[in-house]
Amino acid sequence: MNIAWITVRRWGDFCSTTTNALAGGLVARGHELTILNGDAAKAHADLPWKHIALDQSSFPGRSGASLALNASRWFQKNQNNTFDAVIVDWPLAPRVAAELTKQNLKIILMDRSPPADVSFLGKLQWRVWRKAWNLVNRGIIQHGTVVSPAHKEFVQRRCSVNNNVIDSIPAGVDLEHFSSKNKTFDGVWKMVYHGRLDKHRGVLALPMLIQKLLNHGVQVQLTLIGQGDAFEALESIVANQKAISISPSKSRAEISTILESHHIGLLPMPDTPVWSIASPLKRSEYLASGLMIYGVDHAGHRLNNTSDEWFRLSPMEDFHAKAIEWVSGLNEAHARDGCLAARTYAEKHCSWEKSVEALELVLQATSKAE
0 MNIAWITVRR
10 WGDFCSTTTN
20 ALAGGLVARG
30 HELTILNGDA
40 AKAHADLPWK
50 HIALDQSSFP
60 GRSGASLALN
70 ASRWFQKNQN
80 NTFDAVIVDW
90 PLAPRVAAEL
100 TKQNLKIILM
110 DRSPPADVSF
120 LGKLQWRVWR
130 KAWNLVNRGI
140 IQHGTVVSPA
150 HKEFVQRRCS
160 VNNNVIDSIP
170 AGVDLEHFSS
180 KNKTFDGVWK
190 MVYHGRLDKH
200 RGVLALPMLI
210 QKLLNHGVQV
220 QLTLIGQGDA
230 FEALESIVAN
240 QKAISISPSK
250 SRAEISTILE
260 SHHIGLLPMP
270 DTPVWSIASP
280 LKRSEYLASG
290 LMIYGVDHAG
300 HRLNNTSDEW
310 FRLSPMEDFH
320 AKAIEWVSGL
330 NEAHARDGCL
340 AARTYAEKHC
350 SWEKSVEALE
360 LVLQATSKAE
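Oh and the sequence shown: position 242 is 241 in numbering that gives the first Met the number 0, straight run, nothing missing.
To be clear, the hints were calculated from the coordinates, so they are not data collected in a lab. Just so you know, these numbers come straight off a predicted model, no measurement behind them. There's no promise every hint is true.
As the list claims (entries may be wrong) - Pairwise CB distance ranges, derived in the manner of DEER restraints:
| # | residue 1 | residue 2 | range |
| --- | --- | --- | --- |
| 1 | Lys49 | Glu331 | 22 to 28 Å |
| 2 | Lys198 | Gln240 | 30 to 36 Å |
| 3 | Pro47 | Asp317 | 43 to 49 Å |
| 4 | Glu234 | Glu352 | 36 to 42 Å |
Every residue, glycine too, gets a C-beta built ideally from N, C-alpha and C.
Make a model of the complete structure from these sequences and hints.
Now the structure itself:
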């Protein structure tokens with residue numbers, strides 16, 4: 000198949016992990032792929048697909064609109080394209096769908112998450128999100144993809160979209176980039192959280208968790224990696240707590256090395272609409288690195304066929320108490336067995352190959368539909 004993907008993701012961003020993995024997987028399966036985004040013309044020179052560099056405004060609130068406008072203009076000038084299907088990220092869909100429809104191109108909406116920002120701009124993004132799914136509901140966009148069954152139910156509930164035109168493409172992990180081989184245990188439980196350090200992600204509950212564990216005699220350390228509106232507050236707390244370290248975002252290679260030396264990956268995101276429908280990348284990366292997992296119990300964090308011995312979730316109101324109860328009962332054997340079980344689970348269930356296969360089936364079905 001000949002596929003185009005108009006995406007808001009830039010390859011220098013950590014958030015491009017999913018797009019990069021799915022794109023690479025499609026090319027590996029023999030498909031031709033063209034990426035249209037705001038990266039510079041030479042940014043994809045060493046990547047296995049064609050790239051169209053689009054101008055994009057850096058003004059807050061205008062970046063998505065300008066990117067969509069320039070994508071539409073590109074298609075207007077290149078009407079001799081031979082794309083079998085076009086994937087469009089939801090922030091761009093309302094502004095590009097009209098031109099793609101004029102050219103009788105089959106469109107697939109890519110929704111990796113509804114707006115997570117709680118700012119005024121975030122509220123505006125909800126309008127765009129609803130417009131994008133309304134295009135699916137009206138048949139202008141032929142198919143939509145989400146990250147989880149809970150996400151699918153959310154879309155159906157909010158936008159009344161037919162069940163038959165939505166498919167789940169869960170987050171995966173590149174198993175070759177993460178390893179559990181060199182994990183050791185010296186009596187100190189090493190916990191880690193990486194990703195956005197935003198207040199609405201529950202990260203401010205983590206320093207208190209560490210202090211309570213220490214108060215109960217549990218030897219523990221916490222590593223926080225990322226950036227966000229909670230960074231300064233966390234940095235201030237860390238200044239007075241030797242058991243916690245914090246650093247800005249790091250490269251994928253650096254993250255892989257750091258995770259390899261830890262024992263427990265944390266998922267503090269609360270039970271709110273955005274997080275309860277998610278499929279967090281970090282969960283798969285924790286498992287692939289042989290980390291046991293502790294987090295808040297909701298649909299966005301749960302996985303089938305796991306064990307409470309190495310994958311433990313608790314209600315938000317008991318997040319600290321249940322963690323103390325669980326970690327206090329762990330020993331070196333749990334560290335060893337939990338590491339093995341987590342990695343084995345990732346190998347069986349979390350490979351990007353399964354996600355790519357699911358996307359390929361959607362693309363094939365959409366391109367053949369009348």
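**Message:** Of the numbered hints stated earlier in the document, which are not met by this structure?
**Reply:** 1 and 2
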